[in-house]
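**Q** For reference, the chains in residue letters:
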Amino acid sequence: MTKRKWLLVALVLFGVTLLLTLERERIFPAQDRSWQTIQERGVWRVGLDPSFPPFESLDANGNPIGYDVDLAQEIAAAWGVQAEIVTIGFDSLLDALQAGQIDSVVSALPYDQRLTKDVAYSMPYFEAGIRLVVRTDSTLSSVEQLTNQKVAVEWGSMGDMIGRRLQREQAALQLAPYSTPQEAVEALINDQTIDALLVDQVTVRTAQGNGAPIQAVGPALESNPYVIAMPHAAVTLQEKVASTLRTLQETGVMTKIESQWFDHSK
Amino acid sequence: MLAILAIGGTWLFVRYRQPSVALGPQRTVQTINPKLGIHTRLTDEVEPWKIKRSLEMVREMGAPWIVEYFPWAYVEAKPGRFDWTHSDLVIDHANRQGLTVIARLGFVPEWARPKETSPLYLDEAHFEDFGQYAAAFATRYAGKVNYMILGNEPNLSLEWGYQPVDPSKYVALLRVVYPLVKAVDPTMQILAGALAPTLAPPGDAAGINDLVYLQSMYDLGAAAYFDILAIHAYGWYSEPDEPADPDVVNFRRAELLRAMMVANGDEEKTAMITEGGWNDHPRWTRAVRPGQRIAYTLRAYEVARQEWPWVTAVCFWAFRFPWDAKSYQDYFTFVDTEFEPKPIYQEVQRYTQGDIEDTSSQSVP
Numbered sequence: 001m002t003k004r005k006w007l008l009v010a011l012v013l014f015g016v017t018l019l020l021t022l023e024r025e026r027i028f029p030a031q032d033r034s035w036q037t038i039q040e041r042g043v044w045r046v047g048l049d050p051s052f053p054p055f056e057s058l059d060a061n062g063n064p065i066g067y068d069v070d071l072a073q074e075i076a077a078a079w080g081v082q083a084e085i086v087t088i089g090f091d092s093l094l095d096a097l098q099a100g101q102i103d104s105v106v107s108a109l110p111y112d113q114r115l116t117k118d119v120a121y122s123m124p125y126f127e128a129g130i131r132l133v134v135r136t137d138s139t140l141s142s143v144e145q146l147t148n149q150k151v152a153v154e155w156g157s158m159g160d161m162i163g164r165r166l167q168r169e170q171a172a173l174q175l176a177p178y179s180t181p182q183e184a185v186e187a188l189i190n191d192q193t194i195d196a197l198l199v200d201q202v203t204v205r206t207a208q209g210n211g212a213p214i215q216a217v218g219p220a221l222e223s224n225p226y227v228i229a230m231p232h233a234a235v236t237l238q239e240k241v242a243s244t245l246r247t248l249q250e251t252g253v254m255t256k257i258e259s260q261w262f263d264h265s266k
Numbered sequence: 001m002l003a004i005l006a007i008g009g010t011w012l013f014v015r016y017r018q019p020s021v022a023l024g025p026q027r028t029v030q031t032i033n034p035k036l037g038i039h040t041r042l043t044d045e046v047e048p049w050k051i052k053r054s055l056e057m058v059r060e061m062g063a064p065w066i067v068e069y070f071p072w073a074y075v076e077a078k079p080g081r082f083d084w085t086h087s088d089l090v091i092d093h094a095n096r097q098g099l100t101v102i103a104r105l106g107f108v109p110e111w112a113r114p115k116e117t118s119p120l121y122l123d124e125a126h127f128e129d130f131g132q133y134a135a136a137f138a139t140r141y142a143g144k145v146n147y148m149i150l151g152n153e154p155n156l157s158l159e160w161g162y163q164p165v166d167p168s169k170y171v172a173l174l175r176v177v178y179p180l181v182k183a184v185d186p187t188m189q190i191l192a193g194a195l196a197p198t199l200a201p202p203g204d205a206a207g208i209n210d211l212v213y214l215q216s217m218y219d220l221g222a223a224a225y226f227d228i229l230a231i232h233a234y235g236w237y238s239e240p241d242e243p244a245d246p247d248v249v250n251f252r253r254a255e256l257l258r259a260m261m262v263a264n265g266d267e268e269k270t271a272m273i274t275e276g277g278w279n280d281h282p283r284w285t286r287a288v289r290p291g292q293r294i295a296y297t298l299r300a301y302e303v304a305r306q307e308w309p310w311v312t313a314v315c316f317w318a319f320r321f322p323w324d325a326k327s328y329q330d331y332f333t334f335v336d337t338e339f340e341p342k343p344i345y346q347e348v349q350r351y352t353q354g355d356i357e358d359t360s361s362q363s364v365p
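Going down the list, the sequences are from chains A and B.
25 is the number that the numbering used here gives to position 25 of the first sequence; each next residue is one higher, with no gaps.
25 is the number that the numbering used here gives to position 25 of the second sequence; each next residue is one higher, with no gaps.
Here chain B stands alone, though its shape is the one from the complex:
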């Protein structure tokens, strides 16, 4: 019987253990655009070699920045018991590839929210707990991660755990978390906002217009509790040189948010685009043709490089998913689930290596 158990145990160990993957030599990113970045999606990627391969390909594309999600519920499934295994893997490999990590924190564990609520539901009673997680994260990755986004699209009810959207609560969250993180790592740069671009009319239960929400944040004193504004800059079906307009969601809507920073005395701060880009799904109403997506993306990276000194990173959504979503979301990616590069990946790579000099043309090369 013992022999059977030993054989079974050995089989299970061999079958299910994750082989470690060597970090490899220290790399650096070669690029003509030091602001170029991408939002990776390694949260649910369990295989270490796939994490490493994703980050290698980001470097090879010429992107020095990544945004990655570090869900609180995954790291602290039980109060005070942290499991950093997956986070260590992502951050160590990213650093070794020469990438700068912008860590997005969120996703509330069950113990920190009422039953039957969404993992995006965070009430004031647990702001301190979230702050302790953020502080623990900052402590563990001091010197490895210097940028941290607090929350995601809090101006949407969906992203606010289906609660009524309320800027005052988000600002209260910043007010609690910011000092906790700064106390353990004063150099950590806190990003706030990451607002969803939306034209939601007043009273819309789904959300609040991002311009209205940001002004409310300033009115409530948020400026003292973040260092960099995180911006989501989606182009939908508009080209990247379409002028900014409060009544339009387009790439240059970011300029309206910037103007609001300046108007509120926050011009010394910079901004980072932590989501954005274009989609080329054949049937989604907010999509463009694949060639337009390439041309618009290259032009947008160049707009940020040449015209927007107040933007320090442009991280478009999304590099690769661990598995196909089988929806329009798949048409945001740069690499398919099997790591085959899409044409947009190769064109961005040509751009970062200086092989595309003129990005103003929005037609085929």
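Next comes chain A alone, as it looks inside the complex:
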């Protein structure tokens, strides 16, 4: 062979080696037995931190309760297994998942793009981000209409940060800070000089559930979707979670769970 051909062969070999190195996991996926193991033991081990009602907390007897507990049990029931709730501190949940101590995390866990290299996420099941909220009789429907409006926020919160951003970027709106999100909700309901509120969706749903005549309008201004986390290699488990979540949404079970934990006034 000529020198040029040798060089060509070397380049091709280098390219193939590089491709195999970079795409090793995609070309030769690791054998994963997560799904079979869950089936064999009849238990889906779910990690959560029971310190965030109404998503997860402990009842008077120390048993985990909440939206996420019910969601995990519904998913497990659809698979014909039991959901075993393992309580773990929030900052240790993903470590426990990667260490194999649990099969999944269902704990009002916000999606984090940066961690997608470490864990696999399900589709979102709850959008907890910052919303523009108005009274149910208000004609306001978007942030573009906030010029010269008075907007309640929890002082220092993400809603406050977005309000200040809106002030810088476009609207001559006035911010009215309150010590807690609940006080900001009360102000929107009872103080007619307050036109709108910037607050997270969990606060909105909690207030609505207690009968507050308020509604969120427009999309989330800062998205914060809650997702289920699973190991990367657990491909079958990921598929089963995705299909079961879709089924629970289509059959109204997700709506029922949300209502169960938020709509106390009904």
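Calculated from the structure, these hints are not laboratory results.
For clarity, every value in this text was computed on a predicted model and none was experimentally measured.
Keep in mind that a hint or two might mislead.
A few chain B residues that face chain A, going by a derived Cβ cut-off under 8 Å, partial list only [claimed, not checked]:
id, residue
1, R293
2, S327
3, Y331
4, Q346
5, R350
Footprint (simulated), chain B over chain A, 3 or more residues, beta carbon under 8 Å [said to hold, decoys possible]:
id, stretch
6, 44–56
7, 159–165
8, 176–189
9, 250–258
Take a look, some chain B residues computed to stay more than 10 Å from chain A by CB distance [as the list claims (entries may be wrong)]:
id, residue
10, S20
11, L23
12, P34
13, H126
14, T198
15, K269
16, Q353
Glycine is no exception: its CB is placed at the ideal position from the N, C-alpha and C atoms.
Given chain A, put chain B in place with the hints provided.
**A** Then chain B, alone, in the frame of chain A:
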């Protein structure tokens, strides 16, 4: 073939070179509180414009002081071969913004510790090597950096490289490093301590109570080997006027450390708070509401200004991270990773510009 290599090389150079960023004109910090500072976190910030922007925003917030970390392992990855590129960048930009740098040194290179150990593991065999790094640092930045912290939270096993915590070894470290630095720059002010506030009971493998540890340092003769005491003053869930109590971790725990300095004949020395503050994570048990965090922070800066003549700088943790930690740590920051100021940044800025006269109120403005 040569043409292909030339094109590829040019592409790589253009793609990966870091464009230099002009230092800009000399600036000064406008503030009503000359003690106000912040711990920046530029160690892993690789883009020069982000380093400059961070330090500009610190100045614009009205903070004349920063604490910044200069890891030994990054600068001297191989023995005797120093790479000061990143340190130069941080210090030159900080100086140009009118900021006073308190340099925190630590993080042991692989060559100076046994295999499989943490980068925080430093044994006595390498105290001299660490001292040589500190001396090289002092030499290079003579006239630019006048304050240097040796070590970080040595009363925690985690921060002591998972070795059993031992005040005598930390004092031995000070005894070796202090004279090496003073020999090259007698004006360099050496900070020691930087103890983690902890109520660890006797025998706890995780660490030693900071009050117990500091007294041990004095008993072992540490006073001769530091110039300023570095204090970590976290408030956790307590407001800044909660009285100091040996059984409580709160902001005024700093007063107990000060009392210990006085009791040990060290009252002529001053102290600097090189970490501290409050956190507003919605789910962390040691966090407060965002509004409380703002109110407590402003009040704490004012406490140091008005009530603590023995404190010369208060540098809270932390200005900004290069990327989200996606944990409670993100809720210590004043600016997000995209440089968007959090409300606490803007409220501190209002305070330093004299727009908030009364910080005693702990409710909304």
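**Q** Decide, hint by hint, whether the structure agrees.
**A** Hint check:
no. : hint    : in the structure
1   : R293    : holds (6 Å)
2   : S327    : holds (5 Å)
3   : Y331    : violated (10 Å)
4   : Q346    : holds (7 Å)
5   : R350    : violated (12 Å)
6   : 44–56   : holds (count 3)
7   : 159–165 : holds (count 4)
8   : 176–189 : holds (count 4)
9   : 250–258 : violated (count 0)
10  : S20     : holds (28 Å)
11  : L23     : holds (27 Å)
12  : P34     : holds (25 Å)
13  : H126    : holds (31 Å)
14  : T198    : holds (18 Å)
15  : K269    : holds (36 Å)
16  : Q353    : holds (16 Å)
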